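Peer 1: Letter by letter, the chains look like this.
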Amino acid sequence: MSNSGAIGQDPAARVRAHETSAARTRNGGESSVSALTAARLILARDLKLAFRKRSQLVQPLAFFAIVTTLFPLGVSPELSRLRPMAAGVVWAAALLSSLLALELLFRDDAQDGTLEQYALSGRSLTWLLAAKTAAHWLLTGLPLALMAPLAGMALGAPPAAVPGIIASVAVGTVALSLIGSIGAGLTLGIRRSGALLSLLTLPLEIPVLIFGARATELAIGGAAYGVPLQLLAALAVLGLTLAPLAASAAVRINLE
Amino acid sequence: MSDFCLKGENVHLWRGDHHVLRGVRFQVGGGECLQLTGANGAGKTTLLRTACGLAYPEGGEITWCGENIRKDLHAFHAQLAYLGHEPPLKAELTARENLLYWVGVRRRVEQQELDQALERVGGDTWSDRPVRTLSAGQKRRAALAALTLMRVPLWLLDEPTTNLDAEGQKLVGALIDEHLQDGGIAVAAVHHELAVSVANGLQRMELTVE
Numbered sequence: 000m001s002n003s004g005a006i007g008q009d010p011a012a013r014v015r016a017h018e019t020s021a022a023r024t025r026n027g028g029e030s031s032v033s034a035l036t037a038a039r040l041i042l043a044r045d046l047k048l049a050f051r052k053r054s055q056l057v058q059p060l061a062f063f064a065i066v067t068t069l070f071p072l073g074v075s076p077e078l079s080r081l082r083p084m085a086a087g088v089v090w091a092a093a094l095l096s097s098l099l100a101l102e103l104l105f106r107d108d109a110q111d112g113t114l115e116q117y118a119l120s121g122r123s124l125t126w127l128l129a130a131k132t133a134a135h136w137l138l139t140g141l142p143l144a145l146m147a148p149l150a151g152m153a154l155g156a157p158p159a160a161v162p163g164i165i166a167s168v169a170v171g172t173v174a175l176s177l178i179g180s181i182g183a184g185l186t187l188g189i190r191r192s193g194a195l196l197s198l199l200t201l202p203l204e205i206p207v208l209i210f211g212a213r214a215t216e217l218a219i220g221g222a223a224y225g226v227p228l229q230l231l232a233a234l235a236v237l238g239l240t241l242a243p244l245a246a247s248a249a250v251r252i253n254l255e
Numbered sequence: 000m001s002d003f004c005l006k007g008e009n010v011h012l013w014r015g016d017h018h019v020l021r022g023v024r025f026q027v028g029g030g031e032c033l034q035l036t037g038a039n040g041a042g043k044t045t046l047l048r049t050a051c052g053l054a055y056p057e058g059g060e061i062t063w064c065g066e067n068i069r070k071d072l073h074a075f076h077a078q079l080a081y082l083g084h085e086p087p088l089k090a091e092l093t094a095r096e097n098l099l100y101w102v103g104v105r106r107r108v109e110q111q112e113l114d115q116a117l118e119r120v121g122g123d124t125w126s127d128r129p130v131r132t133l134s135a136g137q138k139r140r141a142a143l144a145a146l147t148l149m150r151v152p153l154w155l156l157d158e159p160t161t162n163l164d165a166e167g168q169k170l171v172g173a174l175i176d177e178h179l180q181d182g183g184i185a186v187a188a189v190h191h192e193l194a195v196s197v198a199n200g201l202q203r204m205e206l207t208v209e
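Heads up: the sequence lines are chains A and B, in that order. The first sequence begins at 0 in numbering that gives the first Met the number 0 and counts up one residue at a time. The second sequence begins at 0 in numbering that gives the first Met the number 0 and counts up one residue at a time.
Hints listed in this document are in silico derivations from the structure and should not be mistaken for laboratory results. Since the model is a prediction, treat every value here as computed from it, not as a measurement. Every residue, glycine too, gets a C-beta built ideally from N, C-alpha and C. Take the hints with a grain of salt, since some may be wrong.
Stated by the list, open to error - Simulated restraints on C-beta separations:
no., chain 1, residue 1, chain 2, residue 2, range
1, B, Arg14, A, Ile209, 42 to 50 Å
2, A, Arg251, B, Arg107, 36 to 44 Å
3, A, Leu95, B, Glu109, 40 to 48 Å
4, B, Tyr55, A, Arg51, 32 to 40 Å
Unchecked claim - So the derived list for chain A, only partly shown, Cβ under 7 Å to chain B, looks like this:
no., residue
5, Ser30
6, Val32
7, Leu35
8, Arg44
9, Arg51
10, Arg53
11, Gln55
12, Glu77
13, Ala109
14, Leu119
15, Ser120
16, Leu203
17, Ile205
18, Asn253
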């Protein structure tokens, strides 16, 4: 195997190259990347990984479909009886499906040392974890929002309610993913952390469930659903502001 | 040669009741390598993790170029590369993709650089294969390629020769040699002597179990 490096064999030239490179690193560097670029790269990586491990991608969606399909079998096939409970069923199923996927949010990266590398990258861990949470929402929240109207219509929701259902589930799952990232960070070092993760995050997710179900219910009833949707959006913005900071602090504690 | 210096001053760290690091002192300058040895559980990995800021010492301090590393941890981290027991590679991605995402978080990596780094570690024949199909030694070589691509002055290596054949162990020595000649610093926890040839720059420290 050759021992010749890319920089060349002249020791003086290598010293100059290294010191210039080190100086660049110290100063932020022309080849160093911004936190935003690093976050975009992580988002792309997580999406690519998810599409190569499709079983993990399908699991929460299959769970959501199964739960919403079992309800008519268990309660009644009559749409007039199912319609009043459609919003609650869709939201309870969406919340549980989102929880199911949360355990995997940081677990694999913690086990193989990737999170350690992120923490040591010199880039803001908060941004990097926000990117991972964004990927999690794109892979679970967004598909759930697209599936929710189908489940809603199977439970008697009118086609006019579709935009309202999509909007409420899409915005609500953003809040669920962000709140869940804090729980996922806190339970990182615990084996079989699913139950504890649920216990930690469910109380924080109750407001999302209440406002989300209310917005969906109003949309199904043909009424204006703006107010609960705005409250959901406020929760999502609050989560966006605080959750990545809290998640990165939790991850740092667990890496120690 | 360079003004880099990593120094540990009276470092103490406990894990529960176990006093793992007991007043550890060291100083490594540019162009020098510190080789840490000791039995299992002696605290080699703990010392490396403390030196890179992942673990908090309960006593003493670690300084980089004269400043406590905690003063600006982000800036310190931007100047170090830490290689743990297991390389952080994703089984579903190819070695090349893994390197692109791993190093890409720190700096922009050109395709040509990536090719050169992979060729340097003998990865030109397997770099486009998913990591799940690679041997443990090939994964370690891919991690070594990432190390060279990071272009940072401080290398903290935890058993860098694990899973490598004789040729691979020589490669680790050669890479460290080049890094030291470039003015860099290497701190490596090892069970076997490193194959470095920089005669004056190699320091040895043995940690003992309490």
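Peer 1: Look at each hint and say if it fits the structure.
Peer 2: Going down the list of hints, with the structure as the test:
1. B/Arg14 to A/Ile209: 42 to 50 Å: Between arginine 14 of chain B and isoleucine 209 of chain A, where Cβ atoms are some 44 Å apart, the hint holds.
2. A/Arg251 to B/Arg107: 36 to 44 Å: violated (26 Å)
3. A/Leu95 to B/Glu109: 40 to 48 Å: holds (46 Å)
4. B/Tyr55 to A/Arg51: 32 to 40 Å: holds (37 Å)
5. Ser30: holds (5 Å)
6. Val32: Hint on valine 32 of chain A: holds, closest Cβ of chain B at ~6 Å, below 7 Å.
7. Leu35: Check failed: Cβ of leucine 35 of chain A comes no nearer than 12 Å to chain B, outside 7 Å.
8. Arg44: Result: holds, 4 Å to nearest chain B Cβ.
9. Arg51: Check passed: Cβ of arginine 51 of chain A comes within 4 Å of chain B, closer than 7 Å.
10. Arg53: violated (10 Å)
11. Gln55: Glutamine 55 of chain A check fails; min Cβ-Cβ to chain B is 11 Å, beyond 7 Å.
12. Glu77: Constraint on glutamate 77 of chain A not satisfied, violated at 46 Å.
13. Ala109: Violated: closest Cβ of chain B sits about 10 Å from alanine 109 of chain A, beyond 7 Å.
14. Leu119: holds (5 Å)
15. Ser120: holds (5 Å)
16. Leu203: violated (28 Å)
17. Ile205: violated (35 Å)
18. Asn253: Violated. Min distance 11 Å.
Checked against the numbered hints above, the structure violates hints 2, 7, 10, 11, 12, 13, 16, 17, 18; every other hint is satisfied.
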